[in-house]
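Let the hints inform the model, and build the full structure from the sequences given.
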Amino acid sequence: MPSLASIPEMANLSKKISDLKEGMDIRSQFETFCLRCQNENQVVVEQALEELVPQLRKHEEFIHRAAINEQPNQNIAGRLTRSLLDCCAKFNPTSENIMLLSAKCLGIIGCLDPSRIDLVKEKKDILVLSNFQRADETVDFALFFLQHVLVEAFLSASNTRSQGFLAYAMQSLLKYCGLTSVVPPRTQDLESGEMYRRWLSLPEYLEIYGDHRSYQHILQLSIIFVQY
1 MPSLASIPEM
11 ANLSKKISDL
21 KEGMDIRSQF
31 ETFCLRCQNE
41 NQVVVEQALE
51 ELVPQLRKHE
61 EFIHRAAINE
71 QPNQNIAGRL
81 TRSLLDCCAK
91 FNPTSENIML
101 LSAKCLGIIG
111 CLDPSRIDLV
121 KEKKDILVLS
131 NFQRADETVD
141 FALFFLQHVL
151 VEAFLSASNT
161 RSQGFLAYAM
171 QSLLKYCGLT
181 SVVPPRTQDL
191 ESGEMYRRWL
201 SLPEYLEIYG
211 DHRSYQHILQ
221 LSIIFVQY
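Using my numbering, the first residue of the sequence shown is number 1, and each one after it goes up by one.
Derived by calculation from the structure, the hints in this document are not laboratory data. Cβ atoms here follow ideal geometry from the backbone N, Cα and C, with glycine treated the same way. Worth double-checking, as some hints may not be accurate.
[As the list claims (entries may be wrong)] DSSO-like cross-link-like pairs, simulated, lysine-lysine; straight-line CA separation at most 27 Å:
id	residue 1	residue 2
1	K124	K175
2	K58	K21
3	K104	K90
4	K104	K21
5	K104	K58
6	K15	K58
7	K16	K58
[Unchecked claim] Beta-carbon label-pair distances, calculated as ranges:
id	residue 1	residue 2	range
8	E31	P114	15 to 23 Å
9	C111	E9	38 to 46 Å
10	D25	T138	42 to 50 Å
11	G110	E31	17 to 25 Å
12	N39	N159	12 to 20 Å
Structure below.
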């Protein structure tokens with residue numbers, strides 16, 4: 001959540017949020033920072049890093065102790081480092097401030113023992129066996145591309161023009177996959193049931209899908225951009 005400290009009308013809310021943060025233990029605070037740094041929104045990530053720098057300086061001893069004592073797959077120092085490296089890769093070169101803040105955080109954490117830290121990034125891939133000859137396999141590929149490429153690019157876009165083009169591409173894929181008007185099946189229609197299953201298989205945090213199932217909405221945006 002962005003800082004509310006600079007807004008006088010939000011002073012009470014800002015204090016309540018600060019009190020809630022103070023009530024969390026140190027490890028939980030850093031786990032929350034990991035999640036915030038993984039957000040697709042540039043403003044959210046930048047605010048998280050602004051808050052993370054002083055927290056790392058305040059609890060530097062805790063981080064160094066965790067790097068030595070905790071298990072590699074549960075090491076909070078490793079998770080923070082992984083999140084910071086992902087920030088550098090995701091927002092380079094669009095945000096110089098994020099790059100600078102990430103470098104500060106990495107400098108405070110320091111050099112980690114690679115034998116005690118698990119920094120392997122999970123790879124997401126898909127294998128197409130039929131060279132797009134099978135409809136179900138083609139739809140699976142389209143949904144994979146939509147989820148892991150287009151949606152992430154849409155959320156990271158810094159202007160509405162780019163978002164408009166990406167939204168049109170997203171909607172075209174949704175239409176191709178038959179997900180423009182998915183409703184729970186009321187009959188034994190296997191095809192509609194399969195489409196509904198595919199829709200439910202999409203991650204819950206990708207609520208953006210639901211906003212782009214209307215063909216007319218995105219087409220109007222596209223026309224506006226062309227005229228502009």
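Status of the hints after comparison with the structure:
Under the criterion of a C-alpha separation no larger than 27 Å, the hint pairing K124 with K175 is consistent with the structure, at around 24 Å. For the hint pairing K58 with K21, the CA-to-CA distance comes to about 14 Å; that is within 27 Å, so the pair holds. Between K104 and K90 the alpha-carbon distance is near 17 Å, which keeps this suggested pair within the 27 Å criterion. About 22 Å separates the Cα atoms of K104 and K21, which keeps this hinted pair within 27 Å; it holds.
A distance of roughly 14 Å separates the Cα atoms of K104 and K58; the hinted pair therefore holds under the 27 Å criterion. For the given pair, K15 sits about 20 Å from K58 by alpha-carbon distance, which is consistent with the 27 Å threshold. For the hint linking K16 to K58, the alpha-carbon distance of about 21 Å falls within 27 Å, and the restraint holds. The hinted range of 15 to 23 Å is satisfied by E31 and P114, whose Cβ atoms lie roughly 22 Å apart.
The hint said 38 to 46 Å for the Cβ distance between C111 and E9, and at roughly 45 Å that hint holds. The given range of 42 to 50 Å is respected by D25 and T138, whose C-beta atoms sit roughly 48 Å from each other. Taking the beta carbon of each, G110 and E31 are about 20 Å apart, inside 17 to 25 Å as hinted. Range check, N39 to N159: about 18 Å between beta-carbon atoms, so the 12 to 20 Å window is met.
Of the numbered hints given earlier, the model fails none.
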